[in-house]
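A.B. asks: Chain by chain, the residues:
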Amino acid sequence: MNFQIATLLGQDGLTNGAIYALLALSILLVFTVTRILLIPLGEFVTFGALTMAAIQMGKAPVLEWLLLLLTTIDCSLDIYQQARTRIDKTKLQKTALKLGYALLMVGLMHYLNLAETPMFFQAVLTLCLIVPLGPIMYRLFFQPLADAPALVLLIVSIATHVAMVGVGLLLFGPEGARTQPFSDSGFRLGNVMLKSQTLWIILVSIVLIVSLFIAFERTLYGKALRATAVNRMGARLQGISPVFAGKATFALAAFLGAASGILIAPITTLYYDSGFIISLKGFVGAIIGGLISYPIAAIGAVAVGMIEAFSMFWASNYKEIIVFTLIIPFLIWRSMNSQHVEDEE
Amino acid sequence: MNQSSNIDLLKVSDLKVAYGKVNALTGIDLTLKEGQLVTVIGPNGAGKTTLLSAIMGVLPSSGIIRFDDKEFTSPEVETLVGHGLGLVPEKRELFTSMSVQDNLLLGAFLRYRKGDKTYDKTLAEIYSLFPRLWERRQQQAGTLSGGERQMLAIGRAMMSKPKLLMLDEPSLGLAPLITREIFRIFSDLRRQGVSILLVEQNARAALRVADYAYVLEGGQVAMQGPAAELANDPKVIETYLGLANKHQELLSS
Amino acid sequence: MKHRYLIAIGLVFLTLAPLVLPTYQVTLLNYIGLYALVVLGLILLTGVGGMTSFGQAAFVGLGAYTTAYLTTTEQLPAWLSWTAGSPWLALLVGITLTAAVALFLGALTLRLSGHYLPLGTIAWGISLYYLFGTMSSMGGHTGISGLPSLSFFGLLLDKGEKIFYLIWVILLLAIWITSNLLNSREGRAIRALKGGQLMAESMGVNTFRSKMVIFLISALFAAISGWLYAHTQRFVNPTPFGLHMGIDYLFMALIGGVGSVWGALVGAGVLTMLKQWLQDWLPLIMGSNGQYETIVFGLLIVFMMQRSPGGLWPLLVKLVPMRWRIQQHILINENVDNLSRRPLPEKGELLLEAHDVTRRFGGLVANNKMNLSLHAGEVLALIGPNGAGKSTMFNQLSAVDTPSDGEVIFMGTSLQGKSSRQVANMGMSRTFQHVKLLPTMTVLENVALGAHMRGSKGVMSAALHREREEEQRLLKEAKYQLERVGLGDHLYAEAGSLALGQQRILEIARALCADPCVLLLDEPAAGLRFKEKQALAQLLTKLKEEGLAILLVEHDMDFVMNLVDRIVVMEFGEKIAEGKPEEIQTNPAVLEAYLGGEE
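Protein chains in written order, with this note's numbering: chain H, 1 to 345; chain B, 1001 to 1253; chain E, 2001 to 2599.
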């Protein structure tokens, strides 16, 4: 290995690491606020990448129909509940608004010549399609189980992942896809070649992480989510409902997942089922952070990216084995240090 | 001493709570008029905390809870908070890893969400009521002492400007001096017209500040009456210490 | 006894199935049997033991790959040449290897708490899967083909209809072994893992060992299933041993119902049939080929978890008329010998002592320089207002917690560094403030758990039911203690159905089953009616006269004052008074602590 190879591997490691860091943060956020380990996060990544690819190829993506279908189910449940208690005008308006949004998205996807639109607009459109899936997923799958034991939540999370992989196959087909890079050309720094997409990924990741940090430190809504994570009952007593917190965090996770997908789509070919392994690496980072610490999780995730890139060089066949075996010592270390409270049911 | 109006702010009828197959509350009736300070006292395990939790919706219950002219049956916590009910729970439930100021601000979350931006004024009022919290506003809530935590919990509940403030054992684990301080604040609040439902084990202190009192025993209301009358009733002490007669002789001596 | 007929009908069906059903259906049944064997282990692990594993498929792979390698490799390394291509010897190697791997992985991961355990199983599940695919001697991703068929005493099992019998006999044996194990002393310890570990340790159960036992059993079931699979298919590749299959196994267990061994059969059956059916129909509906059945499975699991988290088996049981269900109680043979008892110490002998015990939690001092002593044949009460630190003190005395300063001495030995299990073995037994029992087990079984330390027969004899004599002695003791505390009419009721007061009494019977010399009771009278309190007081007095030392934390002053010999009063973590009941009642500091200060 010479310096040049090392910098290339380092770049790869850093780009992957930045993505894993975004995912690790989403996982942590969802876990601390809702106690759910969000396994289907990986599907938001693939949905993001594949939707973007479909838009660029001028194919009408089919995700908007999924959004419409799920929104319809969600709204029917809303109305059913309303009918059982009493009709609340503002709530009905909200329901109508949700349905209107889904219909608008369907309209946009079909009347715009998507492949011709600027890439930034394509990315925004992709996000607009995917982000609402987060809260809907929470509403349909997890909200009825708010008081269930943590392991039931994990199982439902896995089941949701399994179902979404199937949906991914149905919507996007078995072929993989790549998108155009955000900008062409690379940079030369000394005698090191920097890929422009690498810089994009690192830049956008940093911007996202910093804005998240500001949102959670400075705004009352961000503080409310933190409060739910710190003390669920305490938060409920201030009127911060777990449903609100759950939907908000799922929306954020869907956003971060889809954004990650859009970011890596130009450099990796993604398939409908690629999301799982990607999100698991985010999990490795989150576990290194003990499912508590955001900074350690982010650093851990970057380390995972690095280890992956370098083991690619030395023992490419054993790449996954190395990454996933590595987490066991961390699991043990974290488990030893965590306050052991018996999982009473 | 009676400045309360005659409007029922809270009226609980036939409230029942069961833990699994075990009944914790068997049909409680309780009324609190606007501006009143009502206390619920009774020995350990009488169901006092269960009562507050059920009224707040923390525990599922049966029976009717009528609050501020609306009827609820086993309501959701958030619903009642939205209607102006505040609870300072026995465990305080503070956001320990967040600052004192953030804890207080979060108390006004619903006001903020509804677009009411006047909570800064309430914050100033609370700081003037509890100067200690002002001194420690940047500190993490988890680093506070027991008495300061209790002040923070009360302050946080008041940030939502509740119509009724319910407090669960505010004197629990506090040294006598601090207990006295906390109870002085209840008298102040009551004078300002805040309605309070106070659950206490420390019967003497509670009866001194309250207008009306209920004595709970074994999940039922064993006695009720104006606080001043109950304060001198030897039967109250009996429910507490379950002592033979010689004890009351001692008390009266 | 009607359920016997159901079993008989099932057996007849299984015997005839290969003779009358088409090959395709028999193949399906073979798969159901193979899956059910893995799922059975998972039910033991997840449903009974409360540990979720996504890694079972990897153990299946271990069993399958071991036999594939040993029976197809021409030139085996010298140290393995003795297997000589025999599938049966390969099974032996596979079992040994799986046991070794399971012991290693178990030692690493079974101590993980909460979410970490399932995540750990995902980690090693994935790692083993990739390992199968990367090792070139294992054929890489293409796999190994040309495995020999099994032969059984000269009978070649080369067709689905023939190996069918082997698969199902092994499965039924596994179900029999598992049920036997669960209905035994070891089984009670295993069933306590889910939600009762703290309690079980206090009863002298080594919970880590129990976890390891079921982890090992479930791994072995999986490996045997893998071995059978390899010789049924006569071909292996990594695909069926990946994480997605580990998830499928868990789904089968959850759909069938993790509460019963029969859930394995139902889950494996329903999911396998459903998969076949969906794979036939979904492509027609969707218009293209693909594994769309995963959508249905995923949604099905979500729906199950929301609506019927217990799975299908309990729903099926409800369909069976009451009189057809198993209603037979555990039989107790009164003629077996009593368990031997430990000699009780002399009356008045000092048994338990606290020396300047201080316990700090961060800045909070929960106990400050507490001193107390407890003698044989004495009842001592620890009282004080809420939050005085009584429970913390109780935990120091029973070695659940360790003092920051000072020490607790029990029978002349310091409890420093001792686990609650060791202390239980030394003769201290306790009850809990928040009742800790296993609500779905019978009262009798709950109490028999208390006698865990007084039996010695292990897992093997339990699995084969070779320990019935000792089991009878344990149950007899449990029944005796239950009658003694006045719960003799409730032996076979579910413990969770008792009133709270009775549950507390049950805990006393359980503690007595351990044959202790010191009994620690945390609020034993709470929730009891007047008559019950009197009965309890009588029982405690009798135990005291037998020479037991009893320490109780209690709020009911009537009860305390009339029963105990001495009282220690706590407030703010410190002892404020100590003495006889009448001295305490007239102590002004105590009055102030309870009622608040007079001004």
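In short, the hints are calculated from the structure, not lab data. Please note: incorrect hints may appear among the correct ones.
Covered by chain E, according to a simulated footprint, are these stretches of chain H (three or more residues, beta-carbon under 8 angstroms) [claimed, not checked]: (1) 90–102; (2) 168–178; (3) 248–258; (4) 288–298; (5) 313–324; (6) 328–334.
By construction, the Cβ of each residue, glycine as well, lies at the ideal position given by its N, Cα and C atoms.
A.B. asks: Take the hints in turn and mark each one as holding or not.
C.D. replies: Hints and how they fare:
Counting residues of the segment 90–102 of chain H whose beta-carbon sits less than 8 angstroms from any beta-carbon of chain E gives 0, not enough to reach three: the coverage restraint is violated. By the rule of at least three residues with a Cβ nearer than 8 angstroms to a Cβ of chain E, the coverage given for the segment 168–178 of chain H holds, with 4 such residues. For the segment 248–258 of chain H, the stated coverage by chain E is violated: 0 residues have a C-beta nearer than 8 angstroms to a C-beta of that chain, whereas at least 3 were required. A stretch counts as covered by a chain when three or more of its residues have a beta carbon under 8 angstroms from one of that chain; for the segment 288–298 of chain H and chain E the count is 1, and the coverage is violated.
For the segment 313–324 of chain H, the stated coverage by chain E holds: 5 residues have a C-beta nearer than 8 angstroms to a C-beta of that chain, and at least 3 were required. Look at the segment 328–334 of chain H against chain E: 4 of its residues bring a Cβ nearer than 8 angstroms to a Cβ of that chain, three or more, so the hint holds.
In summary, the numbered hints that this structure violates are 1, 3 and 4.
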